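*Asks:* Each chain is listed here by its residues.
Protein chains: 2
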Amino acid sequence: MKEIIIATKNPGKAREFKRIFNEEDFTLKTLLDLPAFPEIRETGQTFEENATIKAHAVMERFNLPTIADDSGLQIDALYGRPGVYSARYAGDHNDAANNAKVLSELGGVPREKRTARFVSTLVFANPKNDHDLVVEGDVKGLIGLFPAGDDGFGYDPLFYLPELDKTMAQLTIDEKNKISHRGNAIRKLETQWEDWINW
Amino acid sequence: MKEIIIATKNPGKAREFKRIFNEEDFTLKTLLDLPAFPEIRETGQTFEENATIKAHAVMERFNLPTIADDSGLQIDALYGRPGVYSARYAGDHNDAANNAKVLSELGGVPREKRTARFVSTLVFANPKNDHDLVVEGDVKGLIGLFPAGDDGFGYDPLFYLPELDKTMAQLTIDEKNKISHRGNAIRKLETQWEDWINW
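Each protein sequence line maps, in turn, to chains A and B. When we follow the working numbering, the leftmost residue of the first sequence carries the number 1, and every step to the right adds one. When we follow the working numbering, the leftmost residue of the second sequence carries the number 200, and every step to the right adds one.
Note that these hints are calculated values from the structure, not bench results. Don't take each hint at face value.
Unchecked claim - In silico DSBU-like cross-links for lysine-lysine, where the CA-CA straight-line distance does not exceed 35 Å:
(1) A/128 with B/365
(2) B/201 with B/228
(3) B/387 with A/101
(4) B/365 with B/217
(5) B/300 with A/140
(6) A/9 with A/140
(7) B/228 with B/312
(8) A/178 with A/140
(9) A/128 with B/300
(10) B/365 with B/201
(11) A/113 with B/312
(12) A/166 with A/2
(13) B/377 with B/339
(14) B/300 with A/13
(15) B/365 with A/188
(16) A/29 with B/327
(17) B/312 with B/327
(18) A/128 with A/101
(19) A/128 with B/208
(20) A/166 with A/9
(21) A/188 with B/201
(22) A/9 with B/327
(23) B/300 with B/201
(24) A/113 with A/128
(25) B/339 with B/228
(26) B/300 with A/188
(27) A/2 with A/113
(28) A/128 with A/2
(29) A/188 with A/113
(30) A/128 with B/212
(31) A/188 with A/178
(32) A/101 with B/327
(33) B/377 with A/128
(34) B/217 with B/228
(35) B/228 with B/377
What the hints assert, rightly or not - Quick list of simulated restraints, FRET-style, between CB atoms:
(36) B/237 with A/88: 46 to 54 Å
(37) A/164 with B/208: 47 to 55 Å
(38) B/303 with A/34: 30 to 38 Å
(39) B/373 with A/173: 56 to 64 Å
(40) B/302 with A/88: 35 to 43 Å
This one's a predicted model, so the numbers in the text were calculated from it and none came from an experiment. Built from N, CA and C at the ideal position, the CB exists for glycine as well.
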């Protein structure tokens with residue numbers, strides 16, 4: 001059976017991938033299913049750089065086709081921050097602390113200036129391909145005045161979607177995947193990867 | 200003595216770096232000075248991706264601060280090609296074949312539409328730094344109707360600089376470094392790296 005690795009230990013990301021990415025004729029594994037892989041230092045300055053670092057490190061180790069995601073929140077009033085620092089803005093992978101820091105920094109900023117964008121860059125690297133496949137997906141919204149909703153992860157409780165009148169954390173996983181940055185990126189990847197890959 | 204690696208086996212690039220980058224209190228090494236390092240597969244879709252792949256692969260191997268350059272020629276009439284494929288557009292690192300292919304593709308394109316840009320992206324990765332340093336330099340010019348000049352390397356004989364009325368290959372190395380994409384990128388790096396690096 002053919003195998004593709006999703007280079008993540010984040011159960012939330014793993015779940016979104018497995019839900020969208022059509023497992024036909026291959027098995028999808030994440031770093032949670034594989035022998036312990038050391039922490040990858042995400043020292044990139046952009047989502048693309050970080051996704052490249054992760055995809056190549058994991059591909060080299062297991063010699064299998066590997067997809068890595070790097071993603072984050074860009075808030076206009078904060079000049080694009082937290083950006084690549086999204087997961088460790090206040091504390092390392094501490095969603096509550098990160099959300100609180102963003103809210104505090106946005107203090108008196110009024111609704112119309114709380115525009116933001118979630119971005120996901122995917123890099124698909126394969127030992128038998130000459131070129132990586134790179135796609136980006138995004139979704140636009142507003143940063144709410146307080147967190148709302150229990151689903152999702154990361155900044156989902158702060159990310160308000162005006163058309164739906166809900167935050168990303170108030171959506172079911174399927175509703176979220178339909179409109180999310182990562183959902184959009186994964187769907188772009190799905191239209192391209194089969195023509196690209198050399199098994 | 201502190202050491203910094205330039206992740207290149209290209210003698211032309213190595214020479215440009217050593218000429219510009221001020222070697223004070225540290226030694227600059229290239230892959231030509233180090234134990235054999237296997238060919239790095241540059242499978243990125245962008246200069247940044249490729250420079251990241253190279254910098255991280257070499258940094259992991261030698262555990263030393265490492266600068267990688269990825270660079271190329273973007274020709275407007277060719278929709279940005281040869282781009283990341285610059286070094287292997289016709290034949291792998293065959294400058295003459297690559298130049299010939301570009302000239303042939305630009306066949307009847309008139310002078311004013313032969314605009315082009317050389318781009319160099321540098322990624323500086325360091326085991327003791329949390330973030331890479333990334334800079335980009337460029338230089339604009341026109342693609343000539345035939346190659347001219349014996350200096351430089353790559354597409355330099357085709358890259359005409361209207362202000363100087365010379366191609367990049369008709370400049371001395373110091374003249375080239377003063378205006379080139381890589382020279383501009385290295386100078387940007389020089390203003391930033393000492394404040395950034397953790398030795």
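*Asks:* A separate judgement is required for each hint: does it hold in the structure or not?
*Replies:* Structure-based check of all given hints:
For the proposed pair residue 128 of chain A and residue 365 of chain B, the alpha carbon gap of about 42 Å is over 35 Å, so the pair is violated. For the given pair, residue 201 of chain B sits about 11 Å from residue 228 of chain B by alpha-carbon distance, which is consistent with the 35 Å threshold. Between residue 387 of chain B and residue 101 of chain A the CA atoms are separated by roughly 32 Å; this keeps the pair inside 35 Å, and the hint holds. Pair hint residue 365 of chain B plus residue 217 of chain B holds up; C-alpha atoms about 24 Å apart against a cutoff of 35 Å.
For the proposed pair residue 300 of chain B and residue 140 of chain A, the alpha carbon gap of about 43 Å is over 35 Å, so the pair is violated. Annotation: proposed proximity of residue 9 of chain A to residue 140 of chain A holds, straight-line Cα distance about 26 Å (limit 35 Å). Distance restraint check for residue 228 of chain B and residue 312 of chain B: the Cα-Cα separation of roughly 40 Å exceeds the 35 Å cut-off, and the hinted pair is therefore not satisfied. Using a Cα cut-off of 35 Å, the hinted pair residue 178 of chain A and residue 140 of chain A holds, with the two alpha carbons roughly 13 Å apart.
Using a Cα cut-off of 35 Å, the hinted pair residue 128 of chain A and residue 300 of chain B holds, with the two alpha carbons roughly 26 Å apart. Note on residue 365 of chain B and residue 201 of chain B: the hinted pairing is violated, with a Cα-Cα distance of about 39 Å set against a maximum of 35 Å. For the suggested pair residue 113 of chain A and residue 312 of chain B, the alpha carbons sit about 41 Å apart, so the restraint of at most 35 Å is broken. For the given pair, residue 166 of chain A sits about 39 Å from residue 2 of chain A by alpha-carbon distance, which is inconsistent with the 35 Å threshold.
Among the hinted pairs, residue 377 of chain B with residue 339 of chain B is consistent with the structure: their alpha-carbon atoms are about 13 Å apart, no more than 35 Å. Only pairs whose Cα atoms come within 35 Å are accepted, and residue 300 of chain B paired with residue 13 of chain A is rejected, the gap being roughly 44 Å. Distance check on the hinted pair: residue 365 of chain B and residue 188 of chain A sit about 44 Å apart at the alpha-carbon level, beyond 35 Å; violated. Restraint check: the Cα-Cα separation between residue 29 of chain A and residue 327 of chain B comes to about 31 Å, which is no more than 35 Å; the hinted pair holds.
About 46 Å separates the Cα atoms of residue 312 of chain B and residue 327 of chain B, which puts this hinted pair outside 35 Å; it is violated. Using a Cα cut-off of 35 Å, the hinted pair residue 128 of chain A and residue 101 of chain A is violated, with the two alpha carbons roughly 43 Å apart. Simply put, residue 128 of chain A and residue 208 of chain B have alpha-carbon atoms about 24 Å apart, close enough for the 35 Å limit, and the pair holds. About 28 Å separates the Cα atoms of residue 166 of chain A and residue 9 of chain A, which keeps this hinted pair within 35 Å; it holds.
For the hint pairing residue 188 of chain A with residue 201 of chain B, the CA-to-CA distance comes to about 45 Å; that exceeds 35 Å, so the pair is violated. Distance check on the hinted pair: residue 9 of chain A and residue 327 of chain B sit about 24 Å apart at the alpha-carbon level, within 35 Å; holds. Under the criterion of a C-alpha separation no larger than 35 Å, the hint pairing residue 300 of chain B with residue 201 of chain B is inconsistent with the structure, at around 43 Å. A hinted pair counts as satisfied when its Cα atoms are at most 35 Å apart, and residue 113 of chain A with residue 128 of chain A does not qualify at roughly 46 Å.
Our distance criterion of 35 Å between C-alpha atoms is met by residue 339 of chain B and residue 228 of chain B, whose separation comes to about 30 Å. With a C-alpha separation of about 32 Å, the suggested pair residue 300 of chain B and residue 188 of chain A falls inside the 35 Å cut-off, and the hint holds. Between residue 2 of chain A and residue 113 of chain A the CA atoms are separated by roughly 47 Å; this puts the pair beyond 35 Å, and the hint is violated. Between residue 128 of chain A and residue 2 of chain A, the direct Cα distance comes to roughly 13 Å. Compliance with the 35 Å bound is thereby established for this hinted pair.
A hinted pair counts as satisfied when its Cα atoms are at most 35 Å apart, and residue 188 of chain A with residue 113 of chain A qualifies at roughly 30 Å. The hinted pair formed by residue 128 of chain A and residue 212 of chain B meets the criterion: a straight-line CA distance of about 28 Å does not exceed 35 Å. At roughly 12 Å between alpha-carbon atoms, residue 188 of chain A and residue 178 of chain A fall within 35 Å of each other, so this suggested pair holds. Annotation: proposed proximity of residue 101 of chain A to residue 327 of chain B holds, straight-line Cα distance about 26 Å (limit 35 Å).
Restraint check for residue 377 of chain B and residue 128 of chain A: not satisfied, since their Cα atoms lie roughly 40 Å apart, outside the 35 Å limit. Pair hint residue 217 of chain B plus residue 228 of chain B holds up; C-alpha atoms about 9 Å apart against a cutoff of 35 Å. Between the alpha carbons of residue 228 of chain B and residue 377 of chain B the distance comes to roughly 22 Å, so the proposed pair stays at or under 35 Å and holds. With their beta carbons about 33 Å apart, residue 237 of chain B and residue 88 of chain A fall outside the hinted range of 46 to 54 Å.
Distance hint for residue 164 of chain A and residue 208 of chain B: a CB-CB separation of about 53 Å, consistent with the stated range 47 to 55 Å. Taking the beta carbon of each, residue 303 of chain B and residue 34 of chain A are about 48 Å apart, not inside 30 to 38 Å as hinted. Distance hint check for residue 373 of chain B and residue 173 of chain A: the Cβ-Cβ separation is about 60 Å, which falls inside the suggested range of 56 to 64 Å. One distance hint, 35 to 43 Å for the beta-carbon pair residue 302 of chain B and residue 88 of chain A, is violated here, with the actual separation near 50 Å.
Hint compliance for this structure: hints 1, 5, 7, 10, 11, 12, 14, 15, 17, 18, 21, 23, 24, 27, 33, 36, 38, 40 are broken, all remaining hints hold.
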